[in-house]
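Participant: Relying on the hints, combine the two individually framed chains into one complex.
Here are the chains, one letter per residue:
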Amino acid sequence: MNIVVCINHVPDTETKVKIGPDGKTIDRTGVNYILNPYDEFAIEESLRLKEKFGGQVTAISLGSDAHKETLRKAYAMGVDKAILIKDDSIRDSFGVARALADVIKELNPDIVFFGKQSIDYDDAQVNGIVAEMLGLPSASVVVKLEIENGVARVDREIEGGHEIVEVKLPAVFSAQKGLNEPRYPSLKGIMQAKNKPIEERTPSPVTPKVEVLSMRKPPAKGAGKIIGTDSSAVPELVRLLHEEAKVI
Amino acid sequence: MGIENGAKGNTVILAFAEQRDGKLKKNAFEVARAARTYADQLGGICFCLVIGHNVKEAAEQLGGYGIEKVVVVDDPALAAYSTTAYAKVVAEIAQQRGATVLFLPASAMGKDLAPRLAAKLDAGLASDCTALRIDGGELIATRPVYAGKALVDVKITSEVKIFTLRPNVFTAGKNSGARATVETASVKLTDSDFAARVVDVKVATGRPDVTEADIVVSGGRGMKGPEHFHLIEELADLLGGAVGASRAAVDAGWRPHDEQVGQTGKTVSPSLYIACGISGAIQHLAGMSSSKVIVAINKDKDAPIFQVADYGIVGDVFDVLPALTKEIKKFLGKE
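Protein sequence lines correspond, in order, to chains G and F.
If you use my numbering, the first sequence corresponds to residues 1 to 248, in order.
If you use my numbering, the second sequence corresponds to residues 249 to 583, in order.
Worth double-checking, as some hints may not be accurate.
Partial list, derived from the structure: chain G residues whose beta carbon lies under 7 angstroms from chain F [claimed, not checked]: (1) N195; (2) K221; (3) V238.
Computed spacing ranges between beta-carbons, pair by pair [said to hold, decoys possible]: (4) G:D230 with F:G421: 40 to 50 angstroms; (5) G:I19 with F:E407: 41 to 51 angstroms; (6) F:E475 with G:D88: 44 to 54 angstroms.
Read the hints as simulated data drawn from the structure, not as lab findings.
For every residue, glycine included, the Cβ atom is placed at its ideal position computed from N, Cα and C.
Looking at chain F on its own, in the form it has when it is part of the complex (with noise of 0.2 angstroms):
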């Protein structure tokens, strides 16, 4: 049973579902649903996109988000990322499938495919959307400009629509355990399509990453040295969470750049922030404000940080958070 080409007005929603190492990312559940939601809310349909090797089973699993088919388009050389062959395969489905609308999730894979999809697909493309809704029939994204210090709302004209969204804010929902059809697909490629392809994969540390984090412990100037940031470590390590720096703290070469949270570093929306010695330059504030609930701990009072957070502590760091790790470690039994 293939999935029917869109009638006129009839959206047909892609989503593509982002799979490392056979195993789906969450993104992949928030995008599926995100594409179920949009595409009840337009009266059309949609279906997820799964491109890897032997990931028919992790496809199955976006059953449980509201996806009742998933194409899959499985091959070896498709096992490891290529933004070529990628690009390719995602812009053949679209076509062949009359998807005009493709949600992306705005990570490393989805940031680095959407634009060549969009020149592909002569499409217009709203990057690290944070909120969609349908307005006159027309989906309508917000996202962040200038790193979170202004939201726009933006259309797309064209006919093709693609949406990139961003990590951890569009919910996955409950999974109901559903199981989705799979339909294999292929795409015929040849080596030039794979004129950029991974070839490995370094993990830094074990740690989630900031971007995708629920909970992110972050350490600033106040951390006084890179010696002191044990103390953040532990904590986020305690709570499943990431490590994050002010540019401040990357700048003095106390973390890797990778971890900088603001406006030349990462943009986060965390459930839990946690700031430690951190005052808060705009910067900053830019990166991580959109984060759910947000705990300062710093010596100074007026530290611009204070007017972002939910909840603070006006005290010494060194004081204050390793006490706050015993105290989590307590709460969740594991003294």
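Pulled out of the complex, with its shape left as it was, chain G reads as follows (with noise of 0.2 angstroms):
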């Protein structure tokens, strides 16, 4: 089974968002970068379908020399190969999913997984763009993969349920937390990532669709009144959601 896995080169979760000098995307000093965390059940997924049906796991990433290091993360984990696409240029999510489509329709893969979105623009498009790009089905949200016969099974989070999805391989997914468990690296792993080979491709230049004008942290949200340290503050606290916020 020949599986791509598209990975993003993310900011950590702790970061404490400021607006940087161009007023359109964050300050990236002192901001320290992680694999996506979405992206970590889509690799393991991939490894563990490769582990089960054989083949081989490439993984793709789209940026800077910077994302050399999230895809010798992957290395780590087990994939085969890693591919960076380089690209300093501003791309929305469709110029992100033109270049990695064009990539992955060359690798002609059986399966085609991604993280269900970036923690950074939380688009969550490339995905589906990328399944559309490359005339193949899909599912979204996926948080378990079962396949036999050619044909994937898959559970995707609905709104209070899931919702049970037959795919036609080949196939693009999306994952999303509670799909597996990620694999820590192995120490072997990590060293050997090092010397491992990055093949590098150059995208063809695309026209964003969706310009971002500005960016501004969200209004502050003053601190509210504290009401009381014990349950007798209870019935002031259920009078001013009554009759101040209006909200019971």
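Facilitator: Written out as structure tokens, the structure is:
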């Protein structure tokens, strides 16, 4: 089974976001970057499929040289090949999808995995756009995956439950937390990853379809009232929720 | 009577009205109202699209939210969601009717569908918008990034523009009770259009989802173990709300991950968010601080959750939470 997993390099969830000097992106000073958390589930599931069915796993990331760190983490977890689509320009999700789809097409995979979204722009678009560009069926926000006779049966998370979806392979999936428990890279894996080759590609330029005009911090929510220190404050809380906040 | 194609400069907005089991979701009314509002402001026209089987009656209800016409694509094969088939139907209807602006809910279905539509219609997509405005005749969307740690204003520059609207943020407004005119349309579908299709739906708890609920009651590490979450559930059920959890509670295995609120969980905007025994890690605050009213119950007065809470009780959750449930029961006359 030929599997492609698309991964991203994103600010750590601990990051305190400050707006950068351009007023459109974050200030990257002192920001620690990590493998996008949802992509860990995608890599893990790809490796499990390979372990079950044989084949190989190729990790692809689009971005600057800094993304090599994340591709090395994928190597350390056990992928077989890594490709960096080297691009420092600002791309919207459509542009990212275009570049990824062009490379994925050549690899002719049975399965393409993504994390359900990147935790920076939270677009949750690239997987779906890539699927459509490649003319493949897909399922997003997957928490369970089984494959039999060229058909995947997946559970995808919806409001208040799960949808069971049958998807004919080849197909595109996006991974949600709960799909699996990602492995920790072994020390040996980490050491070996340092010397593995990262193939570089140059994407075709694209015109963005979505333009960021400005970025700002959400309005600060002033700290509210401390009503009390034990259950004796509860009647007052209920009164405030009803009369002042009007939410009950 | 057909829906006229948009003449040049005359924007046509297509609002995708989501239904499940023949019933429109609340987000359908929100999307419908937004389509009406922005069509009026742009001097354009709008219509809703409902896809499913036996959905005509549900579709008519959209009239109560300012929609005059609803296009219904009714097909037994479309009774259950299929990403591939639904995308084909929406894209074809949009093209046939000259729609250049598409509104979908940022729900599980809308978020799955919209990227495919973007590719089919060569359109830019602004996901999970929390506000829209018109500036110089263009729709400008505000959307949270970094799970709400920042907001961006975006403009879509392609001819066709797609927006998914975060549930619970755009108000549906009052139902006027009016009925919309339903126009049936059909789209030719073949087996290959159903390469991905839903074969079953499993309902988890019967409680509303954290992303859809008006009220969310959430528990964190301060709940001290899964055996105490019944206190959270009781209050949530009493209020018809959802149960949420912090990442700490989910990672400890106390609660399922679909209840997780925060940067690696769900971002929520309910009217009321009650945080119980949650200290308020930055990832959690990102996911819930856009709630309209926040109540925090925590014994640590320095917990960051109090910096976003409208009302706080600095006290023991095992003393305060049961008392709150009791008091609300009394208030609701359910004692």
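Participant: Hint by hint, where does the structure go against what was stated? Just the numbers, ascending.
Facilitator: 1, 5
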